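**Q** As a plain string of letters, each chain reads:
There are 2 protein chains.
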Amino acid sequence: MLKKYFLKRSVIFWLIWPVAFSLAAGDSSFDRQEFACQAKKMAEAALKEEKAYEYLKTLALPGGRLTGSAAAARAVAQATDLMTQLGFDQVRQEPVEVNRWQRGQAEKALVKSQKRGQHSLHICALGNSIGTPSSGLEAEVLEVHSFDELNQWPQAVKGKIVFFNIPMDRTEPNPFAAYGRAVPYRTNGASAAARYGAVAVLVRSLTFRLDDFPHTGLMIYDEKIPRIPAAAIATNQAEQLSQWLKEDPQLRLNLKMSCKQLSPVTSANVLGQLTGEEKPEEIILLGAHLDSWDLSPGANDDAAGCAVAIEALRLIKEAGWKPKRTIRAVLFMDEEFGGTGGRFYATSASRKSENHLLAIEQDNGGGPPVGLALRRGDKIIEKTEKLEEILNPYGINWIRPGGGGVDIGPLIQQGTVAGNVVPATQRYFDFHHSALDQLSAVHPREIELQAIVLAIVSYYFSQEGI
Amino acid sequence: MLKKYFLKRSVIFWLIWPVAFSLAAGDSSFDRQEFACQAKKMAEAALKEEKAYEYLKTLALPGGRLTGSAAAARAVAQATDLMTQLGFDQVRQEPVEVNRWQRGQAEKALVKSQKRGQHSLHICALGNSIGTPSSGLEAEVLEVHSFDELNQWPQAVKGKIVFFNIPMDRTEPNPFAAYGRAVPYRTNGASAAARYGAVAVLVRSLTFRLDDFPHTGLMIYDEKIPRIPAAAIATNQAEQLSQWLKEDPQLRLNLKMSCKQLSPVTSANVLGQLTGEEKPEEIILLGAHLDSWDLSPGANDDAAGCAVAIEALRLIKEAGWKPKRTIRAVLFMDEEFGGTGGRFYATSASRKSENHLLAIEQDNGGGPPVGLALRRGDKIIEKTEKLEEILNPYGINWIRPGGGGVDIGPLIQQGTVAGNVVPATQRYFDFHHSALDQLSAVHPREIELQAIVLAIVSYYFSQEGI
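Protein chains in written order, with the numbering used here: chain U, 12 to 477; chain H, 12 to 477.
Quick caveat, the hints were computed from the structure, so don't treat them as lab data. Careful, some of the hints might be misleading.
Given that identical chains are not distinguished, each listed pair holds provided it fits within a single copy or across any two copies.
[Stated by the list, open to error] With a straight-line cut-off of 25 angstroms between C-alpha atoms, the simulated SDA-like cross-links for lysine to any residue are:
| no. | residue 1 | residue 2 |
| --- | --- | --- |
| 1 | K51 | T182 |
| 2 | K397 | G147 |
| 3 | K235 | R111 |
| 4 | K390 | N403 |
| 5 | K51 | N185 |
| 6 | K390 | W409 |
| 7 | K333 | Q254 |
| 8 | K119 | I392 |
| 9 | K68 | T436 |
| 10 | K68 | R181 |
| 11 | K363 | E293 |
| 12 | K397 | G413 |
| 13 | K59 | W332 |
| 14 | K363 | A167 |
| 15 | K59 | D259 |
| 16 | K52 | S146 |
| 17 | K333 | I236 |
All of these numbers come straight from a predicted model, not from anything done at the bench.
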């Protein structure tokens, strides 16, 4: 009797055990070994087709996608169409009210030197700058090499155009660290100089290279200080101007800039997703920014990131993987003018029913992936041993604490784990914010590898949770 | 008495101990912590000056440096001058007798199709190939996609031009692995087809990209089989030819190639070194190859490697580091035709009094460094924990077993440990052996980082030993 009971139980037990175990195990029922095999197949198909580069071309087609511009609106429409064609779930635009700045006519800068004659310089207005009077603005030039130097001789500044000639520090092996140290002159230089009566500022372009292309970028006015025009000068021309100033400190510079703020307009973040089958309200976000500067199609910054996010979703879908949690691509609007899109996204009413576990932002260019940075890393990095092994063939050498970005910043503040697929970046600032950021700056295989890594990482965490 | 003796001994002991210890400890007296600080300073100066790119320009100046050509001879002279100017020790040329192949006039390939008319194709002779008769050679074309396919229909081959249309496998994430699988068609395709009576072969160029530039490279004849002409066809044209063959299998191809072997000449490997102060006969070798193909200045393959080896030596010298063992740059001649320079170097009488501990070959292009491969790795990788930490800021994410190369092959066979500073290589085959391998393929910071890593690694082992 007893024996019979056990036999019976045993039969039932073995019949229902696989189901019961898989239900009880929850996340751990994700078969990592099997996933490693599938990831390899997915990557092979990805590298064969190189679709990320196709999407890059589509997204970059409208040209420079300055926030609030007609080109940015076309990019919003095109990205929406693309994600719809690819069959993503819930493709939609979430409105974002953005400020609108326009460059107007090409800027002019004319050096007038008694000794050297007249020479025009390659400059461009910094984003957010006011223009000069329509007749232009003319003054002597004061070259400085630091804020300290500026602050030491406040009386020398009045009535001058201050020329911040601070090169990005080539001795720094990490390009983003060098950028971080030089960028305050671009963002805050105008108000720092205006405080002492400067009439305009010229800021040396932020690139390691000597070239003839001004590199623009955001500048911000201190509300307590009068606004003055701010422009970037190409590095070759900065060197030249510095030389001329040594020979003729009294030379004058005539500036004409017609840039200005227009009234705000409604633009949009573009979203598409693969809805999770078990926990659709838990989100793994793949973000990049759809806007760019106006001087080029912004291929590297950040059409590449957008293309990679879209391609990652397509790869997951094509592989037939069914995420338990939602994996969502978000192409943010207005990263370049300070992240309006990211703030709108994080605070939108639509977020209330959602829980963002992980937000990965791709905005470091289309270079070949070398590592994976995860904020609050210690906690999740324990889960990534198998992941690291799966990612290794695609260039990922490490998974370390780190990660973040302008667009996902507001989500991070709400407690979302941040991540980045980190690429090699030695060439990044060669193109950055200049006319050089063309399609040729990005390599089809390098961005495809980014997309592969993003697909693997996002699907892994959609199954494993955070 | 006893006490006095000990006291005395103690005083003497403590006086002489530091000297005695440092002598006894030998290699371990190398202060790794101090070296880490010095390495950082060295790297800062290196990145500021970017001299590797200057040397690259100098070395690439003679243009395509085909083994045995006048341009290769100019490159030998220029490299010797450069190392002399930089003040290296024992700068010298070691003679190497090399075979000499010349392309002659630009190759011509004309498709003649009843349906499609006449079209010329972009081709180039493969290195080592014989030419066609001066009047040209004309035949029908048989397209095959593997050696198996060729071997299945031997009767179809006779009298034909065999077209090996085998793309590099894009699904492979590692470009060198994909190259390795496709390159046998280039090296051995001619004899494989001639065995069945083919009159010539066309081989699809080895690049992942679709472009209009034929990519050449070495081919080798089987001595037992008649020699037939062998050429590479640009990938775009390979696709086109394949399409035309579907439409008109009887189309004929007319080939004209005037390439031929000339008599051997004496060329040279170029050597320069920093002689070791304690064990000058023990050598850490930094190798690259000075010859290139003739279709471009071979900037990436391998002027970059040569520039990096020279720059590494300069950095060590400029830093004032005094290697215990000799660190030697060797710019090998004739890597592209099979490594004559490497064999001459390894077997030269001058080697008899030397002991090569480590040979690092840089011949994977000028990309940003990502790792360090060391053959017989398990043994030395134990010594590299501190080294890995020092190298990390310059892109090195791992130190793993591996390493090798054509030029250092003979040394490896003699027991030398091999190494490579491994760069990112996704772009490598875009340029490889074609007219596209121009200076613009190489980035000043990326090769400078390679030089920094090479300087640190070679100095480290010159002090630590292997």
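**Q** Each hint should be assessed against the structure and marked as holding or not.
**A** Cross-check of the supplied hints:
1. K51 / T182: between (39 angstroms within a copy, 10 angstroms between copies)
2. K397 / G147: neither (62 angstroms within a copy, 59 angstroms between copies)
3. K235 / R111: within (22 angstroms within a copy, 75 angstroms between copies)
4. K390 / N403: both (21 angstroms within a copy, 24 angstroms between copies)
5. K51 / N185: Between copies only: 13 angstroms across chains, 31 angstroms inside a chain, cut-off 25 angstroms.
6. K390 / W409: Answer is both; intra-copy 16 angstroms and inter-copy 23 angstroms each pass.
7. K333 / Q254: neither (62 angstroms within a copy, 39 angstroms between copies)
8. K119 / I392: neither (52 angstroms within a copy, 58 angstroms between copies)
9. K68 / T436: Both: 21 angstroms inside a chain and 23 angstroms across chains, each within 25 angstroms.
10. K68 / R181: between (32 angstroms within a copy, 20 angstroms between copies)
11. K363 / E293: within (11 angstroms within a copy, 69 angstroms between copies)
12. K397 / G413: Both ways: K397 and G413 sit 19 angstroms apart in one copy and 23 angstroms across, limit 25 angstroms.
13. K59 / W332: within (19 angstroms within a copy, 48 angstroms between copies)
14. K363 / A167: neither (54 angstroms within a copy, 70 angstroms between copies)
15. K59 / D259: So K59 and D259 fail the 25 angstroms test inside a copy (59 angstroms) and across (28 angstroms) alike.
16. K52 / S146: For K52 and S146, the Cα distance exceeds 25 angstroms both inside one copy (63 angstroms) and across copies (50 angstroms).
17. K333 / I236: neither (55 angstroms within a copy, 56 angstroms between copies)
Violation of the numbered hints given earlier is confined to hints 2, 7, 8, 14, 15, 16 and 17; the remaining hints are satisfied by the structure.
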